[in-house]
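Q: Chains as they are written, first to last, in my numbering: chain A, 33 to 424; chain B, 50 to 653.
I should point out that these hints are in silico values taken from the structure, not numbers from a laboratory.
For every residue, glycine included, the Cβ atom is placed at its ideal position computed from N, Cα and C.
Do not rely on the hints blindly, as some may be mistaken.
[As the list claims (entries may be wrong)] The list that follows gives simulated cross-link-like pairs (lysine-lysine, DSS-like), each with its CA atoms no further than 27 Å apart: (1) A:Lys209 x B:Lys311; (2) A:Lys230 x A:Lys213; (3) B:Lys311 x A:Lys244; (4) B:Lys501 x A:Lys142; (5) B:Lys311 x A:Lys212; (6) A:Lys53 x B:Lys501; (7) B:Lys428 x A:Lys142; (8) A:Lys184 x A:Lys142; (9) A:Lys188 x A:Lys244; (10) B:Lys428 x A:Lys418; (11) A:Lys230 x B:Lys311; (12) A:Lys208 x B:Lys311; (13) B:Lys311 x A:Lys188; (14) B:Lys501 x A:Lys355; (15) B:Lys428 x A:Lys422; (16) A:Lys393 x A:Lys321.
[As the list claims (entries may be wrong)] Label-pair distances were calculated between CB atoms; the ranges are: (17) B:Ala636 x A:Lys142: 56 to 64 Å; (18) B:Ala636 x A:Tyr326: 51 to 59 Å; (19) B:Val429 x A:Val373: 55 to 63 Å.
[Stated by the list, open to error] Derived coverage of chain A by chain B (criterion: at least 3 residues anywhere in the stretch with Cβ under 8 Å from a Cβ of chain B; other residues may be distant): (20) 64-71; (21) 99-107; (22) 197-209; (23) 218-227; (24) 235-241; (25) 281-291.
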Amino acid sequence: MRILAILLLGFACSANSQTIKIGELNSYKVFPSFLEPYRKGMDLALEEINNGGGVLGRKLELVVRDDGGNPGDAVRVAEELVSRERVDVLMGTFASHIGLAVSNLAGQRKVLFVASEPLTDKIVWENGNRYTFRLRPSTYMQTAMLIPEAVKLAKKRWAIVYPNYEYGQSATESFKKLLKKAQPDVEFVAEQAPPLGKIDAGAVVQALADAKPDAIFSSLFAADLQKFVREGNTRGLFRDRPVLNLLAGEPEYLDTLKDETPEGWWVTGYPWSEIQTPEHKAFREAYQKRWQDYPRQGSVVGYTAVHAVAAAIRKAKSTDTEKLVEAMKGLRMPSPFGPIVWRAADHQSTMGAYVGQLSRKGGQGTMVNWRFADGATFLPTPDEVKALRKAQ
Amino acid sequence: MSWSSVLIQFLNGLASASSLFLIAAGLSLIFGVSRIVNFAHGSLYMLGLYTAVWLSDRVGFWLAVPLAAAGVGLVGIFIELFLLRKIYRAPELLQLLATFALVLIIKDAALWLWGPEDLLGPRAPGLRGAVELGGIQFPQYDLFLIAVGPLVLGFLYFLLKKTRFGILVRAASEDREIAAALGVNQRLLFTGVFALGALLAGLGGALQIPREPASLAVDLTVIADAFVVVVVGGLGSIPGAFLAALLIGEVKSFCIGLGFSKATLVIEFVVMAVVLIVRPWGLLGRPAAPARAPGGSELALQAPGRRPLAAGFALLAALALAPLAVSGYTVILLTDILIFALFAASLHFLIGPAGLYSFGHAAYFGLGAYGAGLLALQKVPLEGALAAGALLAGAGALVFGWFCVRLSGVYSAMLTLAFAQIAWSAAFQWDAVTGGSNGLVGVWPGGLFASKTAFYWLALAVCAALILAAWRAVFSPFGYALRAGRDSPLRADAIGIDVRGRQWLAFTAAGIAAGAAGALYAFSKGSIAPETMSIQRSVDGLVMVLLGGIQTLTGPVWGAALFTWLQDAAARSIDYWRAGIGVVILALVLALPNGLGALARARR
């Protein structure tokens with residue numbers, strides 16, 4: 033009886049509400065280290081928007097779901113958000129294949145989908161569709177951001193290590209292509225592709241050392257990165273050998289390395305304590321005040337994604353999907369990393385990332401010599417993109 | 050590779066082998082004595098890892114390791130006393146379901162206790178650095194690990210050969226009934242063995258902290274490896290587990306050393322498949338003593354009477370009319386339930402009437418999905434794609450089944466798992482055809498079945514027809530022959546039934562049905578990724594069958610409905626939904642050891 037009452041009450045509430053609903057789905061249980069801060073970032077943005085009176089005079093509401101960590105469940109959850117919860121916008125996803133599956137559904141059901149995190153290039157290029165927009169700088173962009181450093185090193189023999197799935201594969205492909213273009217005499221002497229989460233670090237380190245490379249490019253992250261770093265430190269792989277590693281400067285992955293943090297690696301990441309731009313300071317202070325914790329990369333992504341949806345609704349002056357899609361195209365908005373634009377050509381935001389070197393400070397890893405790499409400068413031109421998005 | 054790097058890779062292999070051996074030994078011991086396939090063994094390893102990292106900040110590394118191992122041993126005692134002890138008499142494999150629930154609960158407990166971030170433990174004091182071997186740096190700690198494996202092997206050998214406890218353990222592994230008849234206190238023995246196994250898992254985890262961070266994903270990656278080692282070595286054989294760990298450690302290490310790192314995705318399963326085909330009981334295993342009174346506790350399936358039949362058809366009619374009454378999402382959820390009901394029913398046909406365990410049924414689900422998806426992307430109409438998907442799965446089952454029916458029990462089940470993993474890795478790596486890790490997108494039903502409701506009716510028609518056909522087959526001469534072969538292979542053989550032939554046919558038929566379910570799944574989701582044939586999917590199928598009850602006919606359908614609904618409802622409303630599902634499963638296991646289907650039977 034009580035359950036029935038609760039159900040009826042819930043039904044009554046949702047029937048009366050005039051909120052604008054964002055349906056957010058993500059692999060909260062599979063990638064908690066990134067997604068718990070992400071959720072906090074979303075909540076902070078939501079509170080800011082609603083305390084400021086909401087959008088179009090209505091409150092914004094987040095309907096958060098776990099996508100079960102696989103595309104089949106994710107599609108079902110997205111369907112539930114669209115048909116039962118009647119959300120106005122879909123948002124979220126982490127892994128590439130889940131992002132692509134939900135993006136495809138969004139195209140099919142004609143719902144706006146703001147893909148916040150998945151890094152795959154395909155979601156905005158080969159498999160891009162009218163209804164999908166992506167926030168994070170893609171694998172290609174982040175790889176391109178590291179290329180100037182790779183060229184400056186002027187090393188001939190490169191070894192590559194990457195997790196064996198879409199993200200690692202496309203990072204490797206882009207790296208080889210871009211470096212070859214900038215430095216035609218480069219040689220790629222070894223490639224190691226351990227399964228995601230299951231690197232046999234000792235053997236991989238030895239195999240890389242056997243190839244006697246001058247430098248190493250890695251796209252490992254999380255547990256794989258930690259194992260690789262520790263074995264490499266012990267076995268002297270990184271002695272006199274520069275390393276480039278995508279994502280390793282993100283607090284989610286860097287903070288776990290502590291006193292193992294390798295000195296001098298070039299990485300993309302997020303030096304949260306050192307960025308002193310007004311927009312970032314405001315964000316950091318608000319976040320720390322709200323959560324008594326420091327922001328991670330995920331916090332910035334979740335925070336910006338919610339604000340992006342709000343900005344699109346404001347610009348469209350409506351929650352109609354077609355109007356929202358038009359509003360997203362070319363949308364300009366502020367973010368903790370500075371102003372960003374959602375490109376009309378490929379639905380990719382120009383959010384950037386920070387490129388810098390790893391260093392140890394008091395038993396903790398930090399980023400030094402860092403600079404901000406604006407996403408806009410690392411994207412192909414609209415014409416090049418048009419060729420990639422041929423299907424549309 | 051120079052000679053010195055060959056030496057180093059050899060040592061790398063030995064170090065991994067030591068770690069593998071520690072967890073596999075515990076798993077093997079537990080299985081040998083209590084016949085429990087302890088799915089939560091990887092979770093115990095994970096607990097050891099987390100506890101040791103946590104303790105080493107407080108009491109230092111060298112004290113943290115034994116304390117963590119002992120702590121996990123205590124957890125093992127607790128699990129045995131309050132859970133497993135209550136279900137030893139339950140049907141076989143039910144313990145698997147209970148330990149699966151523990152996996153879910155322990156994972157969420159670790160998340161709650163230690164938070165989401167990976168925890169990298171300290172290096173081992175005294176063994177922080179490296180030694181130089183042939184001009185190459187090799188970690189001191191790995192040398193220590195290499196020594197630990199044989200030490201533990203020696204200890205276990207001594208324990209099993211020279212102590213009274215060991216004699217009892219061996220007696221119980223050899224023949225449980227006789228040991229019990231001779232007055233061996235089985236309760237104490239089972240508790241002791243489970244605690245020892247848990248302790249070894251905890252020790253294995255704790256010893257890893259200088260080599261790998263404590264993370265929440267570690268439980269499932271470890272359990273698969275441990276199963277492989279145990280089966281390759283021969284169930285219940287400790288020296289076999291050691292040998293298998295060496296074999297797999299070295300093969301992996303040299304795959305990487307020789308530049309075939311992509312092969313490590315699946316190499317241990319390839320090794321397992323080869324070993325099982327050549328040596329059906331693993332490297333050092335022996336055929337198990339035949340269980341006495343086979344199937345004695347099981348009630349023979351009865352053909353349903355008139356009233357249940359009428360109720361079934363009423364349910365079918367209600368399902369057909371459902372879209373007229375309920376909203377859009379319910380239709381989508383019902384479609385999922387139907388698809389999984391067919392998948393579970395096809396698996397049940399193998400496990401129940403045919404008596405063939407399958408831990409890799411997702412292979413056929415996935416083959417069906419990929420077959421249908423690939424054809425749909427070539428603009429083949431839906432009907433053709435569905436049929437072709439099912440047939441592709443059937444062809445896969447025909448090939449794999451030929452090998453699997455030649456083995457028995459858990460060995461056969463593990464061979465199905467090996468084949469499923471091989472199929473999975475093909476889907477994962479064959480980028481040009483399968484789309485690699487991203488899979489295929491844009492597989493939507495067109496034309497007549499584009500609407501969700503029309504597709505639901507299609508799914509209902511296909512699933513109901515195939516499930517009814519499977520049930521009908523159980524009571525056909527074919528079904529009786531299968532059940533005879535399951536209950537008494539010798540007698541069935543003696544009266545002229547070609548038991549293997551029938552089982553092979555059953556395997557293929559189940560493959561076709563699972564393939565049809567997979568093909569429907571592809572169209573209902575619009576995309577397919579390698580997950581459709583992952584271990585997780587196979588386990589989900591098993592959970593559905595076991596929840597429903599093996600010895601019932603309709604059980605898998607109820608199990609599929611409950612599990613799918615639970616996942617949907619729990620993931621929507623609670624934060625720790627995984628643990629929530631685990632608790633519900635545990636409650637059901639304790640309250641209804643014969644499954645949901647038995648409830649329906651009791652009512653009747």
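Q: State for each hint whether it applies.
A: We went through each hint and held it up to the structure:
Taking the CA atoms of Lys209 (chain A) and Lys311 (chain B), the gap is near 21 Å; set against the 27 Å cutoff, the hint holds. Distance hint between Lys230 (chain A) and Lys213 (chain A) is unfulfilled; the C-alpha atoms sit about 33 Å from each other, more than 27 Å. As the CA atoms of Lys311 (chain B) and Lys244 (chain A) are separated by approximately 20 Å, the hinted pair is consistent with the 27 Å bound. Between Lys501 (chain B) and Lys142 (chain A) the CA atoms are separated by roughly 15 Å; this keeps the pair inside 27 Å, and the hint holds.
Distance check on the hinted pair: Lys311 (chain B) and Lys212 (chain A) sit about 24 Å apart at the alpha-carbon level, within 27 Å; holds. For a cut-off of 27 Å, the pair hint linking Lys53 (chain A) to Lys501 (chain B) stands: about 23 Å separates their Cα positions. Among the hinted pairs, Lys428 (chain B) with Lys142 (chain A) is consistent with the structure: their alpha-carbon atoms are about 22 Å apart, no more than 27 Å. Proximity of Lys184 (chain A) to Lys142 (chain A) is assessed by CA-CA distance (about 46 Å); at most 27 Å being required, the pair is judged violated.
Proximity of Lys188 (chain A) to Lys244 (chain A) is assessed by CA-CA distance (about 11 Å); at most 27 Å being required, the pair is judged to hold. Restraint check for Lys428 (chain B) and Lys418 (chain A): satisfied, since their Cα atoms lie roughly 25 Å apart, inside the 27 Å limit. With a C-alpha separation of about 12 Å, the suggested pairing of Lys230 (chain A) with Lys311 (chain B) holds against the 27 Å cut-off. With a C-alpha separation of about 18 Å, the suggested pairing of Lys208 (chain A) with Lys311 (chain B) holds against the 27 Å cut-off.
Only pairs whose Cα atoms come within 27 Å are accepted, and Lys311 (chain B) paired with Lys188 (chain A) is accepted, the gap being roughly 25 Å. Annotation: proposed proximity of Lys501 (chain B) to Lys355 (chain A) holds, straight-line Cα distance about 26 Å (limit 27 Å). Taking the CA atoms of Lys428 (chain B) and Lys422 (chain A), the gap is about 19 Å. The hint holds against a cut of 27 Å. About 25 Å separates the Cα atoms of Lys393 (chain A) and Lys321 (chain A), which keeps this hinted pair within 27 Å; it holds.
Separation of Ala636 (chain B) from Lys142 (chain A) is about 42 Å and departs from the stated range, judged on CB atoms against 56 to 64 Å. Checking the proposed 51 to 59 Å range against Ala636 (chain B) and Tyr326 (chain A) shows it is violated: the Cβ atoms sit about 40 Å from each other. Against the hinted window of 55 to 63 Å, the Cβ-Cβ separation of Val429 (chain B) and Val373 (chain A) comes to about 42 Å, which falls outside the hint. By the rule of at least three residues with a Cβ nearer than 8 Å to a Cβ of chain B, the coverage given for the segment 64-71 of chain A holds, with 4 such residues.
Closer than 8 Å: that is the beta-carbon criterion, and the segment 99-107 of chain A has 6 residues meeting it against chain B, so the requirement of 3 holds. With a cut-off of 8 Å between beta carbons, the segment 197-209 of chain A has 3 residues touching chain B; three or more are needed, and the interface restraint holds. Only when three residues or more bring their CB closer than 8 Å to a CB of chain B does the claim for the segment 218-227 of chain A stand; here the count is 6, and the claim holds. For the segment 235-241 of chain A, the stated coverage by chain B is satisfied: 5 residues place a CB nearer than 8 Å to a CB of that chain, which reaches the threshold of 3.
Residue count for the segment 281-291 of chain A with a Cβ under 8 Å from a Cβ of chain B: 5. That meets the three needed, and the coverage hint holds.
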